[in-house]
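Residue numbers for the sequence shown follow the numbering used here, beginning at 15 and rising by one.
Keep in mind that a hint or two might mislead.
Said to hold, decoys possible - For each label pair, taking beta carbons as the anchor points, the in silico distance ranges come out as:
| id | residue 1 | residue 2 | range |
| --- | --- | --- | --- |
| 1 | Phe-113 | Thr-140 | 14 to 24 Å |
| 2 | Glu-29 | Glu-94 | 38 to 48 Å |
| 3 | Pro-95 | Arg-59 | 45 to 55 Å |
| 4 | His-51 | Ala-96 | 52 to 62 Å |
| 5 | Gly-141 | Asp-38 | 16 to 26 Å |
| 6 | Thr-154 | Asp-28 | 38 to 48 Å |
Read the hints as simulated data drawn from the structure, not as lab findings. In this text the structure is predicted, and so the values were computed from the model without any measurement. Glycine included, C-beta positions come from ideal geometry on N, C-alpha and C.
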Amino acid sequence: MGGCPPPIPPRDGDEPLLAELARDGRASNAAIAAAIHWHESTVRRRIDELRRSGVVYFEVDVDNRVQGLNAHALLWLSVEPARLEEAGRALATHPEIPFAAATTGPANLVASAVFRDTRHLYEYLTGELAGLPGVTSVETAPIIRTLKRTGSVH
Numbered sequence: 015m016g017g018c019p020p021p022i023p024p025r026d027g028d029e030p031l032l033a034e035l036a037r038d039g040r041a042s043n044a045a046i047a048a049a050i051h052w053h054e055s056t057v058r059r060r061i062d063e064l065r066r067s068g069v070v071y072f073e074v075d076v077d078n079r080v081q082g083l084n085a086h087a088l089l090w091l092s093v094e095p096a097r098l099e100e101a102g103r104a105l106a107t108h109p110e111i112p113f114a115a116a117t118t119g120p121a122n123l124v125a126s127a128v129f130r131d132t133r134h135l136y137e138y139l140t141g142e143l144a145g146l147p148g149v150t151s152v153e154t155a156p157i158i159r160t161l162k163r164t165g166s167v168h
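Please put together the full structure from these sequences, using the hints given.
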C-alpha cells in the first residue's frame with residue numbers, strides 16, 4: 015500500500031483548465047480552449063505538463079455490466095495491524111477488487127468489489143477473501159442502487 019509521491023501542485027491560473035477537464039475530461043483541446051479562452055496550443059502544452067507531473071491523469075470508467083459483472087459490494091475488513099500491509103497487497107491482486115485502501119477505525123482495510131452475481135459474491139467471501147492473512151472480520155454491504163459514480167473538482 016506504500017503510497018505514491020505527492021504530485022507537483024498546479025500553478026496559479028490552472029483553475030479554469032482543471033475545472034473544464036473535470037466538467038468533461040473527453041473534450042478536445044480545441045473545445046477546452048474555446049471554453050476557457052486560451053489558445054489551443056497552450057491547452058495542449060499545459061495538459062501534457064500536468065500529466066507528466068502527476069497532477070492530472072485520465073481513467074476509463076467502464077460499466078461493469080458489459081463485462082457480466084452485475085453485483086457490486088463494499089467490504090470493510092478488520093485486519094491485525096502487523097498483517098495489514100500483507101493483506102492489503104494480497105487483496106489488491108484479486109480481480110474482483112478495483113479499489114482497496116488502508117484506513118483507520120474498526121475496519122482498517124476497505125475495498126470496492128464487483129461480481130457476476132450474488133453466488134460469485136458468496137464464493138468470493140467464503141473462499142479467496144477468507145484466506146487473506148490476518149483478517150479478523152469482514153463487513154459486506156451490497157450496493158442495491160448507485161446514485162452517483164463520478165467525482166467533481168471544486
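Verification of the supplied hints:
1. Checked against the hint of 14 to 24 Å, the pair Phe-113 and Thr-140 passes, with Cβ atoms roughly 22 Å apart.
2. A beta carbon spacing of about 44 Å between Glu-29 and Glu-94 agrees with the range 38 to 48 Å that was offered as a hint.
3. In this structure the hint that Pro-95 and Arg-59 lie 45 to 55 Å apart at CB holds, the actual value being about 46 Å.
4. Between His-51 and Ala-96 the CB atoms are about 55 Å apart, so this pair conforms to the stated range of 52 to 62 Å.
5. Between Gly-141 and Asp-38 the C-beta distance comes to about 41 Å, which lies outside the given range of 16 to 26 Å.
6. One distance hint, 38 to 48 Å for the beta-carbon pair Thr-154 and Asp-28, holds here, with the actual separation near 41 Å.
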